[in-house]
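> Got chain B sorted already, so can you dock chain E onto it with the hints?
Protein chains: 2
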Amino acid sequence: MAEHGGLHSMCLNKVDCHSSSSSEQESEIFTKLKVSLTEDYPQKNAEILSGQYGTNLLLIGVSLMLVIGNNGASVKEEHLLSFITTLIIVQLLWMMWYIVRRGMQSNLQAEKDVHATTSWIKGGLTLLALLSLIMDVFNIGYFVGYRSCLSAVLVVYPIIHATHTIAQVHFLWFHIKDVIKSFETFERFGVIHAVFTNLLLWCSGVMSEANHLLNHHNTRLTALGFENLTMVDMEPHCNCTISACSVFVNGLYYLYPFNIEYHIFVSVMLFVMWKNIGRTLDLQHNRKRLATKTQGLVVGPILGLAALASTIGVLVVYIIHVEESLDIRESTIAIFYYYGIVMLVLMCSAGVTGLLIYRADPMPMDTTKNPSRKLDTELLFGSSVGSWFISWCSVVAVSASRSSPSYRWTNLIYSLLSILEKYIQNLFIIESLYRQREDGEREDAEVAGPAPEIFSVTSSLSPPYNGIINQAYENPDNGCVTLENVQESGQVNGCPQKHLEVPRQVENNVEVTPSKKSQILKNIAVFLFMCNISLWILPAFGCRPQYDNGLEEETFGFTTWTTVLNFAMPITLFYRMHSVACLFEVFQRV
Amino acid sequence: MAEHGGLHSMCLNKVDCHSSSSSEQESEIFTKLKVSLTEDYPQKNAEILSGQYGTNLLLIGVSLMLVIGNNGASVKEEHLLSFITTLIIVQLLWMMWYIVRRGMQSNLQAEKDVHATTSWIKGGLTLLALLSLIMDVFNIGYFVGYRSCLSAVLVVYPIIHATHTIAQVHFLWFHIKDVIKSFETFERFGVIHAVFTNLLLWCSGVMSEANHLLNHHNTRLTALGFENLTMVDMEPHCNCTISACSVFVNGLYYLYPFNIEYHIFVSVMLFVMWKNIGRTLDLQHNRKRLATKTQGLVVGPILGLAALASTIGVLVVYIIHVEESLDIRESTIAIFYYYGIVMLVLMCSAGVTGLLIYRADPMPMDTTKNPSRKLDTELLFGSSVGSWFISWCSVVAVSASRSSPSYRWTNLIYSLLSILEKYIQNLFIIESLYRQREDGEREDAEVAGPAPEIFSVTSSLSPPYNGIINQAYENPDNGCVTLENVQESGQVNGCPQKHLEVPRQVENNVEVTPSKKSQILKNIAVFLFMCNISLWILPAFGCRPQYDNGLEEETFGFTTWTTVLNFAMPITLFYRMHSVACLFEVFQRV
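Sequence order for the protein chains is B and E.
So the first sequence is residues 1 to 590, counted in my numbering.
So the second sequence is residues 1 to 590, counted in my numbering.
Check before you lean on any hint, since a few could be wrong.
Where chains are identical, the list cannot tell them apart; a pair therefore holds if satisfied intra-copy or between any two copies.
[Unchecked claim] Distance condition first, Cα-Cα at most 30 Å in a straight line; then the derived DSSO-like pairs of lysine-lysine:
1. 181 <-> 374
2. 374 <-> 44
3. 76 <-> 122
4. 517 <-> 275
5. 44 <-> 517
Simulated from the structure, these hints should not be mistaken for lab results.
Okay, chain B solo, but in the shape it has when bound (with noise of 0.2 Å):
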């Protein structure tokens, strides 16, 4: 596509280029403008072009957070709202525009890339995105009590920020798998506003929550006697003319977290849905998957259901309790700390169980291209690098640390297991969406039997054959397995001394039991699953001792340490919420 508008534009720099009547030509110069303001970039530079643009948005909000940051500047909050309003109407504009051209187009198939997304991952969106609207809701009602002394922007945000949830909901119900082949440049920067939209509501969602988490941290330092830090003001200078206001101030600290994972979640979904624009998709892995067999499914559940149960149990404890005497408070983060040990272990041999039964059963790795799951490990790997940190620093301020209180080793030990059960995991689940699936190798197989002459230019284009050839490519290793069987010509161009894997890889499968080891693995699945989630609810409702425990602020001094956390904190919160979307991904596929 590309090319094409790119020769079309050339010919307007030529004047002798056609030889036509004027009319003709006025409107060949006119179509051919049309063509080359919509089609003639090629694509690696239409991403930049975009990339650029939206990496540009992002960081004009950020800088107008910082100035808010400090208090007396002339930037106030109302200014990043109206910012980010101006983005949110440009981008409901823009989708607007694309589901009426689609409806327009219903005629045509689209065509859609089945890994971009699942029913279950929009199932958790469509609940994250109600909170998300009962939060607006909540605003509206603050705004309402305190509509004397507040700005009218402050409304405004609230309702648009609505009606944005659901034209964007509606949007990634029906259009997210899109691969979009017309217009494409436009469409790029259409799908990159929204990207950097919902990236940018995110960092105003995480500053908004780093504030609430500090003030509540201050009060209760000094409620403790502990400092005497000036804070800031939050609070409006007006009375509540409503019953309900702490309800809501009290419901919207609840509510910020699970926005927070919404507009992370959308983002990543929708540049995914950039990254597909103008593929040609690969036929024959874009196939529905098989249904989910649960069979065998107990050990994992009841651990599991364990697990959360004294998550929670953990969590009232220490909500209750972490704000009484210094006692009882050390106690608390005690406990804290065992528990998390516990957890740590289980999780950890289930990941080792899990990279041992895949040691012992060598399967070929998946390598056909796949945006998405190129994604998710990239997020899965980047994300763990804040709770690392979170980690590695309190590693570090135990073993600087002049006080000696009861949690100190315990502190350490969780720490160490802490950074311990994320390289585990990362492996665990990475492999997991790498390795081919028994079913699609058994199709690959079948398909390595045919005799030398299906392996021509035209039958490589047609389905079954896709997959071969381009295995060849990106891991050639592979590709020479499956061609050797058909050639048996030796040497060829960098494969030497394969030939008797492919049937002894086959003898192999048959003597395991796929059924039993897939048991193991999705009871892993599941257990992990359940803990993921567990160690995502404690942080996420206030059972933060890295807050608490005072080593590492002793160590670090307050304003590095907040920082730290704050930066770190929401993007543990992401690791987990994610991990827990890979694993039940990882669940479908062993």
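Just chain E now, with coordinates in the frame of chain B:
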């Protein structure tokens, strides 16, 4: 390789695997264990495994740095230096092992990735390494002067660092292009260890430089009577016993930037080596570069030299006058902005001209796999974020500021142009790197001619046709063009309406004169090359109006703004350095 080891290790888990005698079995098990330790892991997992290890190393280092920032803590600089020294020694051991092993296998011709680096990059790197060595000598001299009150670690560190620098440059000269094919998992750990050791050295350099700058800035502010901040005590508590101490201290100030650049460059090169492990090279594209033609190079170099000369003038004026009275200071800053605006306008025009030339002469993009180029692109894009962030903060500050110095609006224009310039330059560089070279295209055109039977699997594995299959995979549209030329079979799998493109494109290429076009592009590349050097020199040698103009500091607050600058300034410097490297590459390609 991966599956090979995996199959062996699977046998270990089965008692009935083979029926052989006891001693035979033992030696067999030993061999298998050896294999499974070195080559067992599938590629994707080995990457994640080693990547996670490296990331954690860096995080430990960064958390140590954070503690040092807090003066009261019991962790001192010596602890950080001991940690870094340990990492360096491990890297030295690995490099020694690698070089010795390679030496023993010298009969085997190792595969090399010619894209990995060029001799001029090696040359530049050697120069940076020499300056780093001088820095080490200065550090040793500094220690000798103050030896009565400094820890011995402070002299061990520069000695080890100097050894590391020499050994590493040797390694880069002779082994950086190697494509490692044996002991893959182990080598991955070795290379990633080297990557993150250098990244940590980079971080440590950035931190030292930020401290230097902050102290310098505070001294200046205090001297001008602006503020009276408590300064971090960086001076040792005894007198220098040799006369050259001040020379060492001042010399270190100017040598730091080079040391920082050296480490980031090395880690980028080693990262490419890491990505290349276990890769199978596409032999067609793995060929030597053509000699670069230099006729017609007049306007670019002349304008570039003029830019460089005026830069040095501005730098001298700035450094001399910025510490004088408030009036002179203000006009000095204004001069800087005027100069910057002229430079940036010229650079934008050059970039736009280059892009227009590309639009007028459409050519398919080169989509072959090339980790080095992909990384270049990502680094260019990623590192411009730092500079964009500073610029957007300036824009916000100028708009929100209550004071109005003479340079207020020139600062605004300068910041906006600075954003635009990077936007355009990135597009220009990336398009230049991804366009197919004229000679490359000619070859492809010749290859596209022959009859269908050459596209069988056998021939698709032999070098000359390898590239085509690959393109068909990575950018299916391109592949379709080539294939339809042969087949004319119409609507094959996702590439409709493309029949006329190839002939038209060839015809168009004949019409343009490539030498003229390439001359203009070469001039643009040279000009931008010189301009980027200029814009690197200014901040590297102390011309940083963002610290001096006071506008941003007023709006964001001192702490926030210096944090932003300390984070973003080194990235900005890296951006300039990296675009210089990329533009040299562009110069050779066009």
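> Would you mind marking each hint as holding or not holding in the structure?
Status of each hint after checking the structure:
1. Taking the shortest Cα distances, residue 181 and residue 374 sit within 30 Å of each other both inside one copy (22 Å) and across copies (24 Å).
2. In this assembly of identical chains, the alpha carbons of residue 374 and residue 44 lie at most 30 Å apart whether taken from the same copy (18 Å) or from different copies (11 Å).
3. In this assembly of identical chains, residue 76 and residue 122 lie within 30 Å of each other by CA distance neither inside one copy nor across copies; the values are 36 Å within and 50 Å between.
4. Taking identical chains as interchangeable, the C-alpha atoms of residue 517 and residue 275 are never at most 30 Å apart, the minima being 35 Å within one chain and 33 Å between chains.
5. Taking the shortest Cα distances, residue 44 and residue 517 sit within 30 Å of each other only across copies (22 Å), while inside one copy they are farther apart (43 Å).
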